[in-house]
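Q: As a plain string of letters, each chain reads:
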Amino acid sequence: MAILVVAEHDNESLKDATHKTVTAAKEIGGDIDILVAGKGVKDVAAQAAKIDGVRKVIVADHVSLKRQLAEAMQEVIMPLMDGYDAILAPDTTTGKNFMPRIAALLDVMQISSISGVESPDTFVRPIYAGNAMATVKSSDAKKVITVRPTAFKAAGEGGSASIETIADPGPVKSEFVSEELSKSDRPELTAAKIVISGGRGMGSGENFAIIEKVADMLGAAVGASRTAVDAGFVPNDYQVGQTGKVVAPELYIAVGISGAIQHLAGMKDSKVIVAINKDEDAPIFQVADYGLVADLFKAVPELEQALRDAGYS
Amino acid sequence: MKILVPIKRVLDFNVKVRVKSDESGVDLANVKMSMNPFDEISVEQAVRMQEAGLASETIAVSIGPDKAQETIRTALAMGIDRGIHVKTDAEVEPLAVAKILKKIVEDENPDLVILGKQAIDDDSNQTGQMLAALLGWPQGTFANAIEKDGDSLIVGREVDGGIQTIKIALPAIVTTDLRLNEPRYASLPNIMKAKRKPIDAKSPDDYGVDLTPRLSTVKVSEPPTRSAGIKVESAAELVAKLKEEGVI
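Respectively, the protein sequence lines represent chains A and B.
For the first sequence, this note's numbering gives the first residue as 1, with consecutive numbering after it.
For the second sequence, this note's numbering gives the first residue as 1, with consecutive numbering after it.
Bound-form chain A, shown alone:
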């Protein structure tokens, strides 16, 4: 079996989601190649070549691939698919965007957001916002799979794969106009070891400053519930949940979040969950390892002080 893994990157560095997708590919078994499609991706390709267990890195370097738009990715991937039995990409907004196009053109059903590999044709995936786990067996000749990165460990380094470059894709019907990316010095939400999220209880965007302080002391990422995003407290890409990001950090601290089904879908695989909420009947307490029933405007500054007392700054 030959498996193609599509790398997640920002043209400068390879994202951890790629390493985790390689682990899923290893569980399926076979020769694993990585496709790095982008613009100016020499460093990314070099990083991909170091992942343990990778046979070959294929580089497609062209301006049309800079943002990995679906139509351009399709042009690069489809000619390669004769040589592969499976294609895997992380279940990020990039992978979710182009992978179903590949599946449709290969006339196969995509298996979305797998959280487990049972055998080379049988996979586990969450459905109904993670409230049920479906084990599905694919009868398709080629497998098109997106991988939930939080469900797999990152593959290690130490490999020395060869790197080859392929030809440019042709022109496509969509063009990139602009982007507004949230600037942050904090760790990336999906890869952070600690995540602190605020909900509607935060009351305003300014009030997020109190959890940001704690986040910075712990080196944590800041997330949010949908209601906090809808209210405009923080940008959309902070959203944790069924329709936002799925995280599984060592520690997840939910502040002023009631714990709707859709939010739990994005964080309930965290190792330790802490809830700070003044409503002791909030559903979040049913999944929290540690609950503090208190007004967050009092509790969060106290938490900050307690961390300072414990040696954090």
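I should point out that these hints are in silico values taken from the structure, not numbers from a laboratory.
Check the hints yourself; a few may be wrong.
[What the hints assert, rightly or not] The list that follows gives simulated cross-link-like pairs (lysine to any residue, SDA-like), each with its CA atoms no further than 20 Å apart:
id	chain 1	residue 1	chain 2	residue 2
1	A	Lys298	A	Gly205
2	B	Lys102	A	Met1
3	A	Lys298	A	Gly203
4	A	Lys137	B	Gly25
5	A	Lys66	B	Ile163
6	B	Lys148	B	Gly161
7	A	Lys193	A	Met217
8	A	Lys142	B	Pro213
9	A	Lys271	B	Lys197
10	B	Lys32	A	Met217
11	A	Lys137	B	Ile163
12	B	Lys197	B	Ala186
13	A	Lys137	B	Leu211
14	A	Lys278	B	Ala186
15	B	Lys32	B	Lys102
16	A	Lys142	A	Met1
17	A	Lys137	A	Gly205
18	A	Lys142	B	Leu211
19	A	Lys271	B	Lys231
[Claimed, not checked] FRET-style restraints, in silico, Cβ to Cβ:
id	chain 1	residue 1	chain 2	residue 2	range
20	A	Lys298	B	Met1	47 to 57 Å
21	B	Pro224	A	Ser139	22 to 32 Å
22	B	Asp27	A	Ala46	49 to 59 Å
Ideal Cβ placement from N, Cα and C applies to all residues, glycine included.
For this one, chain A is given, so just place chain B on it according to the hints.
A: Frame of chain A, contents of chain B only:
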């Protein structure tokens, strides 16, 4: 411009799912069903574009059992002009849905198809992209803003790092994200009016699409459950516990 809006009837988003004890699936007997929330946003978007004079006709299509007709009526009550109901009791995978929709697109010649980004039951997030691929059309997925610019659309997309704006040539596929708009409630007069709007009854056979599933469900099981932990009395106690756990 003509707009086609595919919609799906799903378990209501507020209902707590129950997995059947024989692990054959989730229990959908006697539970509340509604229009998929993302599809409500698609319907709202199509109706707004028509109200803004950008669309001449809007069509809702749903593939599913008899009751999917109720979902189409809801769309008609929100302002969609007419419906197409492709009746089947089979569970239809995104690939087969995309194939049926492709045939409907070929019959109806819409300039734009607006779909929800994912259905909250199978959580696949595939159909729009698959339809775009089968038609050879460009796609604007996870849209939180849509603007018409001549023969193109400017689409703001919710991506992992923030917002990305792309320009796609019409005809095109757009899939909607939650923040695109706030769907309206259908008023009683509009619900009454919707009863007189036409719904075309079709079957998958009319489109010659093979619905045989490519994925067979081996089992559906409960996810690992978490039990409630302990309540702490103070922030200091919380920090002490987290240190004990070794997570800070």
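Q: Against each hint, give a clear statement of whether it holds in the structure.
A: Okay, the hints, checked on the actual structure:
no.	hint	verdict
1	A:Lys298 to A:Gly205	17 Å, holds
2	B:Lys102 to A:Met1	32 Å, violated
3	A:Lys298 to A:Gly203	14 Å, holds
4	A:Lys137 to B:Gly25	15 Å, holds
5	A:Lys66 to B:Ile163	16 Å, holds
6	B:Lys148 to B:Gly161	25 Å, violated
7	A:Lys193 to A:Met217	13 Å, holds
8	A:Lys142 to B:Pro213	15 Å, holds
9	A:Lys271 to B:Lys197	53 Å, violated
10	B:Lys32 to A:Met217	45 Å, violated
11	A:Lys137 to B:Ile163	36 Å, violated
12	B:Lys197 to B:Ala186	14 Å, holds
13	A:Lys137 to B:Leu211	16 Å, holds
14	A:Lys278 to B:Ala186	36 Å, violated
15	B:Lys32 to B:Lys102	30 Å, violated
16	A:Lys142 to A:Met1	10 Å, holds
17	A:Lys137 to A:Gly205	45 Å, violated
18	A:Lys142 to B:Leu211	18 Å, holds
19	A:Lys271 to B:Lys231	17 Å, holds
20	A:Lys298 to B:Met1: 47 to 57 Å	55 Å, holds
21	B:Pro224 to A:Ser139: 22 to 32 Å	28 Å, holds
22	B:Asp27 to A:Ala46: 49 to 59 Å	51 Å, holds
Violation of the numbered hints given earlier is confined to hints 2, 6, 9, 10, 11, 14, 15 and 17; the remaining hints are satisfied by the structure.
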